[in-house]
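Enquirer: Based on the hints, put chain L in the right spot on chain Y.
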Amino acid sequence: MGVLKIRRLYLLLHLRLVGLLGLLLLTAVAGLADLAVGPLSLRLEVPAGGSGIGSFRVHNTGEEPIRVLISLWDWWRELDGKMVVLPPGTLERSLVPWIEFLSPTDFSLEPSAAQEVNFSVTVPEEADGDHWALIIVDQVIPEPQGFQVVVGYAIKVLQTDPTTARKEARITGLEVTSLDPLRIMITFANTGNAHLRTKGYLEVRDERGETVRQVEVEEFPTLPGEVRELVVEMEKLPPGRYLALVVLDFGGDYLIAKQRSFEVEG
Amino acid sequence: MKARAGIRLLGLVVLLFLLLVLRALAQYDTGWQDPSQDMGAFEAPFQAYHDGGGAAIAGRDESHQYWGYSFSLPAGMVVEGIEVRLDAWRESGVPLAALYVELSWDGGISWTSTGYNTGPLATTETTYILGGPNDTWGRTWTASELSDANFRVRITTSGLEPGKVIHLDWVPVKVYYAPALELTVIDHLTDSTIAQADLDSWFGDPEQVQQPLGSFDVTITARVNYQVEACYEVTPGPSPPFTDDPLKVENPRDSNNWVYLPQCPATIQLLGFSGTPGTETRTYPVEIDLSRLGDQKGGQPFQFTIRVRASQL
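Top to bottom, those sequences are chains Y and L.
Each residue of the first sequence is one higher than the last, beginning at -10 in my numbering.
Each residue of the second sequence is one higher than the last, beginning at 154 in my numbering.
Hints may contain errors.
Reference listing, derived: stretches of chain L covered by chain Y, where coverage requires no fewer than 3 residues with Cβ under 8 Å from a Cβ of chain Y [said to hold, decoys possible]:
1. 330 to 344
2. 409 to 420
Not close to chain Y: a few residues of chain L, all C-beta gaps over 10 Å, as computed [as the list claims (entries may be wrong)]:
3. 221
4. 242
5. 244
6. 269
7. 369
8. 382
9. 398
10. 401
11. 403
Which chain L residues face chain Y? A few, computed with CB under 8 Å, are given here [said to hold, decoys possible]:
12. 210
13. 229
14. 362
15. 363
16. 380
17. 456
18. 461
19. 463
20. 465
21. 466
For the record, the hints were derived by calculation from the structure and aren't laboratory data.
Quick caveat: nothing in here was measured; it's all calculated off a predicted structure.
We treat Cβ as the ideally placed atom computed from N, Cα and C, and that holds for glycine.
Bound-form chain Y, shown alone (with noise of 0.2 Å):
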């Protein structure tokens, strides 16, 4: 019990000063091995049956030399548009089978030195609409010690075909989540098979017809099949019925428009 309880004080002592050496020493060097990636978003246009290029660079900004490893994935956007990256060829629309590496996947940079890599897209004939995927840019620690920490890039490929892609989207939802301060959920749908990039406006007007509040809805990407919820935070308002309106142009032949009517009691 006594040569256990020794040991653990050892080694608890061991991780603390450790810890605080760590803070002290590893401050000053660490941090050096710095990596910076671009284009972080890709986008090609490849019909079905045809073929692409893209590339994106890969920069050490550190000062020691670095490994770098470039991996393929699969990625989703969730309700809010946070990116979840996923296992490579779960998506039915996944373009990682059809990507094509041209240039080395694992390769070491000098400090201040870039490295241009490029790959190929070959999307089939039988291929309909958008496809995507995720390219992983990590740095590789050649021989981990303890506990450390790398950086890494994630770089969206969008592959979109001019020719099959079908632009479709609805308005779900609307909803009033709040009166004080005025939040409007809207609840947007991409049901084509089509990536889109949408903007518009929210406006509420009073039970005269007068727009009381309008908020223009920043554009924002989907993917297709994805729901997306924005939330619209406006002041708020005095009491009385009122109308919401969304109009929301997401690059299709139409606009899209839902609207709610609610209160606000005195």
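Expert: Frame of chain Y, contents of chain L only:
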């Protein structure tokens, strides 16, 4: 004695913080690029292509365009500023003589409306720099707008009397650019290893089960909306597997809120960043939950790597 040590430590921290900020604000430029084409009313306009060797001559209320700057910006960079340099001088007798400069992004169809000018010119050759490293002349520039086909500089004279001229020796342009997203991590984590056989003594002791491992600082300089995620990797793979993910980080905005990191490739969003353009630094204390390591008796040390990744939203 303690106070002196404290001051030294504070000085060190300030120095390192400044170093970090300076590193985070890394910016690149194209250097001064010469024009190679021109059009307009100036005499001998080609003399303003290069420094020295003669000067273009600009008369009263005359305008001239220069282009063909052949900028070379790496892919994915964001233009942060544009400088136009005018090496010029006026004749005597026209104290208000000046040059006005506008930029075009579509081959001379549209022009910036920022109205930059040199102010009254000197009578000897003087360098005037319009714009700046963080001045985009009132608009957002794309790489294609800086191409030879699209980017143009228009120079117009002002304040001249009939028969008087302005001499223009050189009209180069410099473009400042930076990555859309720069992520820097400073690692203050312990470099000791977790050897499972050594940890047996901690199991069952609730006070010792959460062990601090230090912290790491994440600095992000963003010109776009972004998110930052994290996960961990462990080598060698534990056998039997951990009972659950053992590493957790503290929410920098709530010291009572700790979030367990998932094993890569799953990730969680690192809390505390606004996700909007700007430079932000957050510190993440890290702990290991020893109760989640399972019954590892092999004595094999484990190395943990925390991956912090940035992506554009």
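Enquirer: Work down the list of hints and note, for each, if the structure agrees.
Expert: Here's how the hints hold up against the structure:
no.	hint	in the structure
1	330 to 344	holds (count 13)
2	409 to 420	holds (count 3)
3	221	holds, 25 Å
4	242	holds, 39 Å
5	244	holds, 47 Å
6	269	holds, 29 Å
7	369	violated, 4 Å
8	382	violated, 8 Å
9	398	holds, 14 Å
10	401	holds, 13 Å
11	403	holds, 14 Å
12	210	violated, 43 Å
13	229	holds, 2 Å
14	362	violated, 11 Å
15	363	violated, 11 Å
16	380	holds, 6 Å
17	456	holds, 4 Å
18	461	holds, 6 Å
19	463	holds, 6 Å
20	465	holds, 4 Å
21	466	holds, 6 Å
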